[in-house]
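Asks: Here are the chains, one letter per residue:
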Amino acid sequence: MKKIINFLEKFYMVLIFLLLYAPIITLIVLSFNKSRTRAKWGGFSLKWYISLFEDEAILNALYTTLILALLSALIATILGTMACLGLRMMKKWSRNTVMSITNIPMLNSDIVTGISFMLLFIGIGMKLSFKTVLIAHITFNLPYVILSIMPKLRQINMNTYEAALDLGASPSFAFRKIILPDIMPGILSGFLLAFTMSLDDFVITHFTKSPGIDTLSTKIYTEVRKGIKPEMYALSTIMFVTVLVLLLIINLKPAKKDKKA
Amino acid sequence: MNKKSLAYPYIIWMIGFIVLPLIMVVYYGLTDNTGSFTLDNLTEILVDYNYKALWLALGLSLISTLICLILAYPLAMILKKISLNQHSFIILLFILPMWMNFLLRTLAWQTLLERNGVINSILSMLNLPKLNIINTPYAIILGMVYNFLPFMVLPIYNVIVKIDPNVINAGKDLGASNVQVFTKIILPLSVPGIISGITMVFIPALTTFVISDLLGGGKILLIGNVIEQEFTQAGNWHVGSGMSLVLMIFILLSMAILAKYDKKGEGTAF
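So the protein sequences, as listed, match chains A and B.
Just so it is clear: in the first sequence, position 43 is 43 by this note's numbering, and no numbers are missing.
Just so it is clear: in the second sequence, position 245 is 245 by this note's numbering, and no numbers are missing.
For reference, chain B alone in the conformation it holds in the complex (with noise of 0.2 Å):
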């Protein structure tokens, strides 16, 4: 039962759906309708049109990768403190709104933040100011935190447990106040959770057209619109290529810089 050649039905399946796939974008986005190569897919990015829903995608994804490690940090120092053997239940808490479909979930949000939604009734019965966000850049962001939060808190949550409390009481016992404790030792253990958190936040985030289509109302175009529409509506798909494989550059950096802080893998979120 145990022989290298049980792997090869998946290496095939690997070579066939996963570099392969990868090879056809390469080839669509270097060349034209001829065949014939070039490189004007590529920099259709700088059309101004493109170059906007670049920066646009780049300054939100990085504001809610930001957000997401502030609020994800602290939350999985606590979940470690409560959570004695119930490893597996933290992580199903976080994976559990996975089955109520992803699509109403985002949707849910216009419900919650409508001008005459959830949050500004409770708001106005509470006499604050009402909470005009559906449909800006903010409600995206909002959108971006919500769906991917979890991407972040676990692969920090899987790092921290996985700290020896000796080390910790090693410090202590040698002097090193709680503040020490955790710039010395904490923070820096916890450095590949970090960097996988933020890959697995900011890809998603950076690429995403549905999110900006179900909460920016449809005029807030990023990135992943713009790709979109070129595969469904306008059926440019070289000049979709084009624009995908400079996506694949944030990608691949994000990779490289996973795998030189992460070598050992020891960042999954699940």
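So here's chain A without its partners, still in its complex pose (with noise of 0.2 Å):
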């Protein structure tokens, strides 16, 4: 009986990577395909990959959409960590106000939030450009950011960072080597959820940006009613690919260490 019930187990997670999986292995696919359109399969070639490379459109989508995700995380890190480091001096209530006008963009419609801020930006006379797109995705971003920082936070014993002042480091010099070491964690996973949002948003980005503008959503937006270049299936590929081979190698290495603790 435990034997079909761990079974079972095994076969229901199975179908449910594969429907989250699935389009990923499609899009894949289609990357190597010879022929041009989606629908029929022309056998196997690598041609999209060389003719990306010569795409100037799609690879300045591309650096847009890198340097966006980039400036728009690291500013967001630095300003929520700083929030964070602020926030637990201040009163409880105050606290909590800021808290959960923090949650808003996350709990918010993209839609409403990317409305709210063509709005505001139109009304206040800023033409869109890049920098509004870059101000969009900071504000969206802090919640992540300030959220997986704040536990962390949470856990530190003040009196090591005490018993440092009154052992007579600077401030600063306790700061850099107490609390810095334990809140690391947090603000790492914090830019890394940043930028992936980042790299992922659509909407917020077309509500906020130029027409002279384009990320990687709104190109293939764009390109949805006249058919997908199959050069940004084999962006996409590489740039799944990218990802996946980095987090294989940064998880692998402390579950080894695991194991000989």
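The reader is advised that the hints may include incorrect statements.
[Unchecked claim] Only pairs whose alpha carbons sit at most 35 Å apart, straight line, appear in this in silico DSBU-like list of lysine-lysine: (1) B:K172 with A:K2; (2) A:K92 with B:K80; (3) B:K130 with A:K10; (4) B:K130 with A:K152; (5) B:K130 with A:K226; (6) A:K40 with B:K130; (7) A:K10 with B:K172; (8) B:K80 with B:K263; (9) A:K91 with A:K177; (10) A:K91 with A:K152; (11) A:K3 with B:K219; (12) A:K226 with A:K127; (13) B:K219 with A:K127; (14) B:K172 with A:K177; (15) A:K92 with B:K172.
[Unchecked claim] Now the stretches of chain A that chain B is said to cover, found in silico as 3 or more residues with beta-carbon under 8 Å: (16) 43–54; (17) 191–204.
Just so you know, these hints were derived from the structure itself, not from any lab.
Keep in mind it's a predicted model, so treat the numbers as computed, not measured.
Where a beta carbon is used, it is the ideal one built from N, C-alpha and C, also for glycine.
Using the supplied hints, reconstruct the complex from the two chains, each of which is provided in its own coordinate frame.
Replies: Printed below as a string of structure tokens:
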């Protein structure tokens, strides 16, 4: 009986992950498809991977997407880390008020957030540009950063920090040696999460960008009607496999350490 | 280094880019072209075309949320059982797909679902009847479940793994059956995760315009599509904002329910 249940559980899990990964497998297969349409298989080919690097429009969109994700995640991480450190010193109710407002961009729907940014930028006379998209991305990244760091900060024993101060460490030295190492995992995972969210966003970019700027998402959206360029499949396969390999390397290392300990 | 003032830049940012934009939506939603107060933008939702879109969106997103919950709960229990020290790895498995563009992933369902697509080829090989759901509301539900399932699994999983095993053991020692352990201990303790999951699936599903656009064949309009059209095609920002305000009623309602059942913020996805 137990064996049957175990088997059913594994089977169910495989089914769900098949659902989640089926489109990804489809896209990877399509990137090797010789024929231009996605409707039929024309044989194996690497030609889209070669023409990808000659397609300036796609490369430009890739550049914009990556710069946007990097800058927005970086600025959100710095602002968010500072906010977490400062918030701890505040009175409970003002901290709670700030935290509930922080949650809004995460709980609110993308379309309302996107529209609200567009109305604000145009209302205060800011022309839509790369800058406006960046501001929007920083804003929706901030809650992910703050929510990653806050729990780590709560676990810190402040006595250690105060002991360091008593023993003559300067506040900045004590911060670097005691608090920072403890919250570093939170900062890193917040940064990565923010980067991923920015990379995958379409709706908010759609409402805050000017016509001349394209991220990969907005470029794909304009291509939907006329048919997606197969180079896009090649590019997303490269990006996906790169991240997969990086994550496997990072994840396999600590697992080995745990076994020894 | 431990000064309140460190938070000030963020608080200014928050007021400028979270609070102020929302005030702009309220302002546009409650005024007309001349800037005078009106409720016409809100009542615009009662126009047949808009009203139908809202109802359809509500229906499809409720069904999708329910399917997500039914699929996610057992999955979260299974994940808890098999993963002892792989907490972050499990989360990664759900976040990893986001590295392939959301639009492309949703579009891939076209290839899978089409009349002569991958799924139908497999079905006909097995001599099963064909599945013709592309460009129907069913395809949109599938797209919603596919896109938002991780946001149901992760909060429930995060709450379930934190349940103290001693509580479960105590229950068993006192003679509770497996069913009783589930209904009296695990289920009540996972309520914050369930509520958080429901809001995290329901809100994006209710307000999406991309999924209906890509999998509905451009003919099925949800409230998100109507609002998007008001802004990008009709250029009527006041009406668009008015309908966004109607949507925000649902969003605020979900936030209030979430705040009531998940006071400590246990049910976060990440």
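Asks: Against this structure, judge whether each hint is valid.
Replies: Verification of the supplied hints:
1. B:K172 with A:K2: The given pair, whose Cα atoms are some 18 Å apart, holds under the 35 Å limit.
2. A:K92 with B:K80: holds (34 Å)
3. B:K130 with A:K10: Within the cut-off at roughly 28 Å; holds.
4. B:K130 with A:K152: violated (52 Å)
5. B:K130 with A:K226: Since the Cα atoms of B:K130 and A:K226 sit roughly 27 Å apart, the hinted pair holds (cutoff 35 Å).
6. A:K40 with B:K130: holds (18 Å)
7. A:K10 with B:K172: holds (25 Å)
8. B:K80 with B:K263: holds (23 Å)
9. A:K91 with A:K177: Holds, at roughly 26 Å.
10. A:K91 with A:K152: holds (19 Å)
11. A:K3 with B:K219: The given pair, whose Cα atoms are some 48 Å apart, is violated under the 35 Å limit.
12. A:K226 with A:K127: This hinted pair holds, its Cα atoms lying about 29 Å apart.
13. B:K219 with A:K127: Measuring from Cα to Cα gives roughly 33 Å; hence the hint holds.
14. B:K172 with A:K177: Violated - the C-alpha atoms of A:K177 and B:K172 are around 46 Å apart, more than 35 Å.
15. A:K92 with B:K172: The given pair, whose Cα atoms are some 39 Å apart, is violated under the 35 Å limit.
16. 43–54: violated (count 0)
17. 191–204: Result for this restraint: holds, n = 7.
Checked against the numbered hints listed earlier, the structure breaks hints 4, 11, 14, 15 and 16; every other hint is satisfied.
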